[in-house]
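Put together the whole structure using the sequences plus the hints.
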Amino acid sequence: MDPNAKKTALRMIPYGLYVLTAGNKGGQVAAATVNWVTQASFEPPLVAIGVKADSHAHALIKENKAFALNVLGKGQQALAFTFFKPAELKGDRISGEPFRPGATGSPILTNAPAFIECTLEAAVEKGDHSVFVGKVVEVGLSKPPDGRADDATLWLKELGDKVFYGG
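To convert, take the position in the sequence shown, counting from 1, and add 2; that gives the numbering used here.
Treat the hints as calculated values from the structure; they're not laboratory data. Since the structure is predicted, the reported quantities are computational estimates derived from the model, not experimental observations. Using N, Cα and C, we set each Cβ at its ideal position, and we do this for glycine too. Accuracy of the hints is not assured; some may be wrong.
[Unchecked claim] In silico DSBU-like cross-links for lysine-lysine, where the CA-CA straight-line distance does not exceed 30 Å: (1) 137 to 87; (2) 8 to 92; (3) 92 to 145; (4) 87 to 8; (5) 159 to 128; (6) 67 to 8.
[Stated by the list, open to error] Between beta-carbon pairs, the in silico distance windows are: (7) 28 to 147: 33 to 39 Å; (8) 123 to 162: 21 to 27 Å; (9) 126 to 150: 26 to 32 Å; (10) 98 to 9: 29 to 35 Å; (11) 91 to 54: 15 to 21 Å; (12) 98 to 128: 22 to 28 Å; (13) 149 to 7: 34 to 40 Å; (14) 13 to 113: 24 to 30 Å; (15) 93 to 12: 35 to 41 Å; (16) 100 to 126: 17 to 23 Å; (17) 56 to 164: 21 to 27 Å; (18) 103 to 8: 36 to 42 Å; (19) 159 to 126: 25 to 31 Å.
Quick look at the structure:
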């Protein structure tokens with residue numbers, strides 16, 4: 003396989019951006035910008051996410067069996083870049099962003115236009131990322147989108163010509 007063609011072909015898959023959050027009963031939290039996300043079932047409502055196997059988020063999701071996807075909206079590029087770095091918990095803020103605990107204990111970022119909270123249903127642990135399948139147990143909108151819902155989502159390509167994930 004041509005490695006350059008593989009990289010280019012895989013980078014042609016479009017991605018929205020989300021801040022994945024997880025927590026545990028001990029008060030630890032993890033937050034990371036992710037983009038390998040898809041709805042996997044209507045009934046029951048399921049989502050599938052790819053999570054780096056050696057990440058703090060991965061460990062907390064496995065421990066607490068829950069996670070939240072905080073959907074990033076148009077104009078939230080700075081928020082996406084904030085969570086490319088390890089998260090820091092200080093009071094009611096993660097890396098400077100306000101949050102509240104969700105129904106599963108996963109942090110919900112209050113500045114995100116929407117959140118999807120899940121309990122862990124299955125895990126496929128292969129390669130450098132695991133695929134977690136989550137059952138949607140709670141959702142929320144801080145502001146309903148104008149027009150198509152997917153037009154309100156921040157896309158990876160909106161972070162600039164030099165930002166890629168995949169390949």
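We went through each hint and held it up to the structure:
Under the criterion of a C-alpha separation no larger than 30 Å, the hint pairing residue 137 with residue 87 is consistent with the structure, at around 27 Å. Distance hint between residue 8 and residue 92 is unfulfilled; the C-alpha atoms sit about 41 Å from each other, more than 30 Å. Annotation: proposed proximity of residue 92 to residue 145 holds, straight-line Cα distance about 26 Å (limit 30 Å). For the hint pairing residue 87 with residue 8, the CA-to-CA distance comes to about 27 Å; that is within 30 Å, so the pair holds.
This hinted pair checks out: residue 159 and residue 128 have alpha carbons roughly 27 Å apart, not beyond 30 Å. The suggested pairing of residue 67 with residue 8 is violated, with an alpha-carbon distance near 33 Å, which exceeds 30 Å. Between residue 28 and residue 147 the beta carbons are some 36 Å apart, a value that agrees with the proposed interval 33 to 39 Å. With their beta carbons about 35 Å apart, residue 123 and residue 162 fall outside the hinted range of 21 to 27 Å.
Evaluation of the 26 to 32 Å hint for residue 126 and residue 150 yields a pass: the beta carbon distance comes to about 31 Å. Range check, residue 98 to residue 9: about 33 Å between beta-carbon atoms, so the 29 to 35 Å window is met. The hinted range of 15 to 21 Å is satisfied by residue 91 and residue 54, whose Cβ atoms lie roughly 19 Å apart. A C-beta distance of roughly 35 Å is found between residue 98 and residue 128, which places it outside the suggested range of 22 to 28 Å.
At about 36 Å, the beta-carbon gap between residue 149 and residue 7 stays in the expected band of 34 to 40 Å. A C-beta distance of roughly 28 Å is found between residue 13 and residue 113, which places it inside the suggested range of 24 to 30 Å. Judged by the Cβ atoms, the range 35 to 41 Å given for residue 93 and residue 12 holds: they are separated by roughly 40 Å. In this structure the hint that residue 100 and residue 126 lie 17 to 23 Å apart at CB is violated, the actual value being about 33 Å.
The given range of 21 to 27 Å is respected by residue 56 and residue 164, whose C-beta atoms sit roughly 24 Å from each other. As the Cβ distance of residue 103 to residue 8 is approximately 41 Å, the hint placing it in 36 to 42 Å holds. Hint check: residue 159 to residue 126, Cβ distance near 27 Å, so the stated range 25 to 31 Å holds.
Comparing the model with each earlier hint shows violations of hints 2, 6, 8, 12, 16; every other hint is respected.
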